[in-house]
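Respectively, the protein sequence lines represent chains A and B. This note's numbering puts the first residue of the first sequence at 157, with every later residue one more than the last. This note's numbering puts the first residue of the second sequence at 784, with every later residue one more than the last.
Watch out, some of these pointers could steer you wrong.
What the hints assert, rightly or not - Okay, derived cross-link-like pairs now, EDC-like style, lysine to aspartate or glutamate, Cα gap no bigger than 20 Å in a straight line:
| # | chain 1 | residue 1 | chain 2 | residue 2 |
| --- | --- | --- | --- | --- |
| 1 | B | LYS1228 | A | GLU398 |
| 2 | B | LYS1228 | A | GLU437 |
| 3 | B | LYS855 | B | ASP838 |
| 4 | A | LYS405 | B | GLU1550 |
| 5 | B | LYS1228 | A | GLU395 |
| 6 | B | LYS896 | A | GLU197 |
| 7 | A | LYS405 | B | GLU1558 |
| 8 | B | LYS1228 | A | GLU399 |
| 9 | B | LYS849 | B | GLU892 |
| 10 | A | LYS253 | B | ASP1433 |
Worth flagging that the hints you see were computed from the coordinates, not collected in a lab.
Each chain, letter by letter, is given below.
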Amino acid sequence: MQKVDYFRPETIEEALELLAAGREEYKILAGGTDLVLHLRERKVSPKALVDITHISALKGIREEEGKIIIKAATTFTEVASSTIVLEKIPALADACKVVGSPQIRNQGTIGGNIVNASPAADSVPALVLFDGVARLTSKRGTREILLTELLQGVGKTAIEPDELLEEVILTPYPGSVSGFYKLGRRNALAIARISGAVELVFAGSKIAKARVALGSVAPNPFRATELEQFLNGREFNEETKEELIALAKNLVADKLGSRASAPYKREAIAGVMREILNRIEQRRGR
Amino acid sequence: MIKKESYIGKSVKRKDGPEKVTGSAKYVGDLKFGSMLYAKILRSKYAHAKIIRIDTSKAEKLPGVKAVVTGKDFPQRMGLYLLDRTPYAVDKVRYYGEPVAGVAAVSEEIAQKAIELIEVEYEELPAVLDPREGMKEGAPLIHPDLKNYEHVPAIYPKPDTNISNHFKIRKGNVEEGFAKSDYIFEGEYYVPQIQHTPIETHTAIVMCDSTGKFTIWSSNQSPNAVRKILSHSLKIPMTKIRVLGPYCGGGFGAKAGVNIEAPLIPLALKLRNKPIKYVTTREEEFRDTFVRQGMYAKIKTGVTKEGRIVAQELEMVWDAGAYNEYGVNITRAAGYSSAGVYDIPYMKTDSYCVYTNKPNGGPLRGFGMSEMHWAIEQHMDMIAHKLGMDPIEFRLKNIQRDGSTNATGQVLKDVGIEKCILRAKELIGWEEIKGEPKPELSSGKVRAKGLACMIKAPAMPNNAASSAIVKFNDDGTVALLITAQEIGQGAFTALAQICAEELGVPEDWIKVSQPDTDYTAYEWQTVASRITYSAGNAVIRAARDAKRQLLEMGAKHFGVPLEELDVYDGYVYVVADPARKIAVKDIALGLTLPDGSGWGGPVIGKGVFIPEGVVSFDKETGQSPKGVSHWTYGVQAVDIEVDVDTGKIDVKKVVAVYDIGKVINPDLAKAQTEGGIIQGLSTALFEEMKFDEKGKLLNPSFVDYKIATAAELPEMIIDFIETPLEDGPYGARGFGEHVMVPTAPAIANALYNALGIRINTLPLTAEKVRKAIKEKYGI
Ligand SMILES: Cc1cc2nc3c(=O)[nH]c(=O)nc-3n(C[C@H](O)[C@H](O)[C@H](O)COP(=O)(O)OP(=O)(O)OC[C@H]3O[C@@H](n4cnc5c(N)ncnc54)[C@H](O)[C@@H]3O)c2cc1C
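Next comes chain B alone, as it looks inside the complex (with noise of 0.2 Å):
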């Protein structure tokens, strides 16, 4: 017998690594072309206006400038969920910063030249920032046509209103859930739009060519969304796009779907053959991608004398900004998960997604659950306080079990939240707290610990789709066509890892494909944590394809049944008698029998996954007996130290314990954990953009934007619990973008466990802690 080692469960090397630490990735800031031209973008400069008048004409006359463009030349709407963006504003502008028009020119300062030449004459309109006045009746229509738009059906646009989407539980009667309730607490609580902060900023290059062929170069997460949008708007074939992605620099969520890849399409459409380059500048990066929504939540809870929660009133208004293609979907997404990781008989949720003369909302990792979390954590905890319980001892009262039912009335099953919060528990040292806190003030400073959980779902299409071809080299190496993108999270390396375990080969004769949607395999989007879940799942399928084509070779070869073979360290064997084997490179492109004919021919496997049985929710209640695919638990607990006079938060150490199912690549896993505690620990303590009276943003710099730099560190215990799912690859859950959400609530509840004041807006600045503990200390 050979004894086979597994990948799975391996912290194999990343597969870029190589190329990233030598510095021979490529992004598409390297890339360059002859003939290449460059483009620059006038943006409004009112959040709300009428476009009375452009006059192009002294841009278009100045040398070098190749063509100027604005909206009339491409007033197609496109979108992932609604159709509501056009690439250039048609008729009026509904943020301040949406592109106006485009130049392309010989080079960047000609072409921001040109821009300056350009003249808008504006009307202005009086603007919606907050989405709570937005939806109200009267409020100014920031898309009158709203009842026009195209879009998918699981969305609810309110026709003449502001509001894109509404989503709605209706489990039981909550008004009756209150009434068996013995206390009821209520509780508000916000996040600001924040920003994803990618290293690399958007980048790409559109070119059109003669035939009328696109090709675009982008860092993007989703080469055939973005295939898929355009080719709907330009309303040609999708044989007539190819979408390509090098490396991408750090997406979050950032570069999911169609982006700065549109203002370039009418350019190019006037330019054939020249292939158009765009790079966002920093500024733009800030204003003009997508940014994580702003969200106002009010939660009403009831709960019995015990500590049972029976009933939760759950309403949560979304600051979405100016188009809302993708981020109707990031509502619908938080709606569903509404109950959080806990048992709730009794439920109500409206989720409103509501257009503002804002940046764009869009995803950020989380999609939702960072906002819902920091609501519905924080007040997790107040009710515990009010009742004199133990946070923990609380939860683990009310957490969803095996047999429990979430928001959506769904039966769980496989739930592994109680394993994670006794390990965290465990590995923070955590002593029970009952009553409120009594601080030890003149010291300066105060230290305390503070946990809160997460559920999320991948929040997609039902039918959202992966798929995998697997094809051998002559020399038995095998190329991996998938068009998954690598931003960073190590999906290539899980992804070769689950390659070479199901085709017996070594790991590290796998390349994984980079997205060229001309020729890999079809991916719905590098988004959602579904990479190795879904995409890993089509890996497996496509693995086997193939090895059963070896087999097949094989069993001619040595005259066996193939049931008697298997394929390891990259040769076909008899698993009775391991010394009869032929290498995988002697039979990759076909068999030599013994009278020198050939048969079979080159391996190519193939793999298709698409979560089964997930059933749309009903439009009123929200019910379904399965919603989404599958969900994925973790909880993060902190200690902090509060300095009493400056207000400072300073993180100790955070603890994050997840349950993924199976953890594919220790390394990875944890790496991943540990940047989104970083992400998370940022935008509970620094991040906000900021806005002026009339919309315009005022902190679009990494001066005035702060993040957390590596001076913020905490120490970081990270650990895995492994529950598997049932169809997820080797048990694996999705998981990544989880790691960031529980990291504010946590730190939010430890400040109240410290010093008994409750912040429930983010960014927990020094100067919002200072104040809350003047009110209530008088110092």
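Just chain A, same shape as in the assembly (with noise of 0.2 Å):
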């Protein structure tokens, strides 16, 4: 590994005044789960590190008018266990309980999740999915962004080299159930490959609102427009779970076209829907 300048500032501020001081040559290190690797592979050459794991200001979550404000340096061990999100936006705390394995839930940020831009990225399913807003921070000022509009394909962000992301803001609908489901080729330590999270909110027998994310078959995890709109008024019973089912065959087929996964994800992404489903059935009866 080459050697690279280390700094750990304790304030937003300090770590802005850094970053602006080092234009494009000094990198943000959050858990450095990803980071870390592409120094190894020098896929990156930063002159200087910014640590951000000592701001206080940068973990946390909270409530606020029934949006969801997670802070960008919380690990998905903090996020996995937050009340919070266990009762409001279940689908994420499914999401950060299968990233990888303990080790790397404790040290592994929603942050460095979002920003490293993976097809993969466990959690960024579940952010798309209620919505997610990022929040961006630099010496220039704030602004907020969708987080389908930050993300610009594998491995790419909007993020300036002077930004920061302080947080990501999530607006569930009130009262819904969500769940998330991710195939691997293991139980543990092994990366999505497909993912999916929705989000229904229930009149009676029927659904009066969905939200539905995929995540491993595009260049990044995206809001499946299609399949929410068929859900929307449906009746919650097994006819619509099997034509659900068919669509969204058919929407993961249409976006894989010939790549050499797409026959296999194409047939399998039915039994991600199920598994999504059935904990919704769960957890709407609680």
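Two chains, two frames, a set of hints: combine them into the complex.
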């Protein structure tokens, strides 16, 4: 590994100062579970690292007027065990629980997961599901941008080098039930081959509102609006589930085209959807 | 009377436990010496190529580089059973990854830089990647000199071919057997090459001092074999080679025989008095140490209407890689075990070890049994289904019992497989299976059970020997000097239990030595699941020898005949009057007589063991009245759930029942079984070395080569049957490798019972399962 300078600011202001001074040559270090690997493989060679894990203002989860705000340097372990997350947006807890291994979950952060912009980032489908908005801050000011716009392809984002992702703001539907499921090559320490997240609001036996997001079938996780439109207003029964699964299969087939993984994934999505709906069914009763 | 408590059958705590959990245990990687140098190896980028030119001049000039060696520095061939391997490629390379040059330097970084400065010019040759092609006439020859290689008499290389061993079974005339059969069933099965993935990668330090004496510290299962092989190829006496075995961080067969010690030898010869250390990278561990051989099996079985097997014809073609010095014996072991657990009157087996331009095949926990049973045990289920019989019922009609003969014509006795099957059947809650499965697909998940049996004998030369020295210290504690290696299996604990049991001293008085070939007693190798059996017998004899010496001194001391004395809890006592006793510590170094004079001397016992009556197999027929020391049988039954949409197999429960003769340490036997189940499950679902069309390994990392994790753990129910082995210590049979053998075929059989699909190639990936479901059900 090459030599790099290391800074450990304790406030957001200090961090922003460093990022502005470092221009494009400084890089933010959160849990390091992606970045350290990239340094080793020499995919990136920054002059300095700005470690944000000692900035207490970048940690924590709170609820504010129906919105749930997650600070960027919050770890997967913290998210997965948060009462707010478990109660209001369980899909995100599902996702954070299956990231890597306990060590990775104790170290890796939500912010790092977003900014790394992997197609298979586990938390991202669940964040996108709840209309996640990223709040970006720099010395120049602050802006908010939808995650789906922030993510610009594999490993690409709209973040400027002097910007810090401060938090993500989620807007779940009031009273919704949600779930996430990931299919990997094995049960732990495996990246998602396909993942999905679904949020439903029930009105009696009917689905009043629906959101669906998918991961690992496109350059970035995305909202499957066709599936959402189909679900809106439907009865929540076997027939709807089977139709949803059929539509999901078509959608995945469309997205993947002639990729080598397509024949498997376009069928396996059925199992992923089934599992998510099972989770929602179980949670709905509670 | 003293009521003696036995150590046999007790879950005595691991001897190596405290050292390992506190981090005190030293592995070779932990060892550091002054003036130590570090080695790196330049490896071939071709699977098969002539070496036209090697230019090491730039590397030699790099500051910090102390020596550079290539094949010409040490062209002697070495090996365990067939001497076909050189430490560095000579004239040509035979697999992608083969050592071409080695560097020793003052740091790993400099050694690595030096490696990158070595220029090699190759002329590519056509590569053999499929052994079925490789064994055909006209295939490119990987070892044109095969006919001149030294080998042990028990293997049969075919000159001017790529076949390094051909083992045959001819039991009766198999055609006659097929003629007597009502049905003939044929099947083909395949296992890919896989890796052992020990946590500790191969590590060694080699030093040659100014007198020419070699000292070798190595994470190795075979210190005595390393010494023997190196002494033979260096042409120096064994007093000039000392091999030490600190703790070994997982072996699974990968660390048997000579491995990475060899490429350090020519470096050490050039650099006297410099310990040279080499730590294998994970990538090298995957590709450049032993791997499990791939295997293609074709079986043809003749069966009567009643479901009795009459005849079996089996061809096994082993994908054994570039050097088969060890692999030749795996082919042989599979050959002589090829009846599996069944009593088959007519048999024909051809087991071919075939050179390919791939990583070197070698022992991996099971030594051919996992590969062979993958074929046989699925085939048996397939036949049962075709006959409309329950797979257990079919097995019970055909298994070996006392008086049955196996593939080699040996008449068997003390056969415990029936008990194992019946116990496993009960523990898994088997429901009779008849006819084709009719799964309920709509719920998305299908659950079913499956079962597979296994058999294994220690695969070793007929005269593989063990020995032990029991040496008392001044305070009555005991040094047990053996060269068996503690590779995590618990050998030190089991042997200490045996030693304490026989001596009559507390178990925690026994300190088991780590291998040091200059001082510890000879052990052939820590392989073949043979240590408790073979070294165990040697320890019994050594302890009895030492105990006799204690009793002799006791007899003199008490003035009573030796037969009236015993030793227990650290005292020699008069059996009829236990109050009359003398502490072992008071006589451990000799007896002091009432007049103050001395008598006797320090107590040292010795014991040796060679399994007796093991007779070589006939070259043409593979027949022998007793070709191996003994057999161990076992069964696993699994309960799995298959996701119909994703094809993912979730193993819910595994029942394992083994007849191990006598359970010496229940906790260790259970832990061994649990580990094996997980390893077996891992090979069933995930493991496969993948190569490109040029023979380059594509997945030499834990990212791309997945093994099971704790998150795949099934519920495990483990039980043992104890049918004593005549010459086993307390009746114990060899046990250790057996535990991973039946897991994969049991899962495959359960998959069939779930969905009526049979996948005959390992691993059972989600894609393969999904594809098979789609083909069968169109969904
Ligand atoms: C063994 C292993 C297993 C893994 N398994 C999974 C898995 O199952 N699922 C999964 O999704 N991921 C997995 N990962 C990837 C990784 O753990 C996650 O992507 C994690 O979220 C990265 O977060 P981090 O805090 O470690 O980020 P870092 O590595 O510190 O940073 C990642 C990138 O984000 C930037 N960054 C970080 N925080 C900010 C911020 N606040 N503002 C601006 N830029 C920022 C960094 O500069 C860097 O470019 C695994 C990684 C490993 C090593």
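The hints, checked one at a time:
1. LYS1228/B to GLU398/A: Within the cut-off at roughly 15 Å; holds.
2. LYS1228/B to GLU437/A: holds, 17 Å
3. LYS855/B to ASP838/B: holds, 13 Å
4. LYS405/A to GLU1550/B: Cα-Cα ~16 Å, so holds.
5. LYS1228/B to GLU395/A: Holds, because 18 Å separates the two Cα atoms, which is no more than 20 Å.
6. LYS896/B to GLU197/A: holds, 17 Å
7. LYS405/A to GLU1558/B: Measuring from Cα to Cα gives roughly 18 Å; hence the hint holds.
8. LYS1228/B to GLU399/A: holds, 19 Å
9. LYS849/B to GLU892/B: holds, 13 Å
10. LYS253/A to ASP1433/B: Given that 20 Å is the threshold and the Cα spacing comes to 19 Å, the pair holds.
Hint violations for this structure: none, all hints satisfied.
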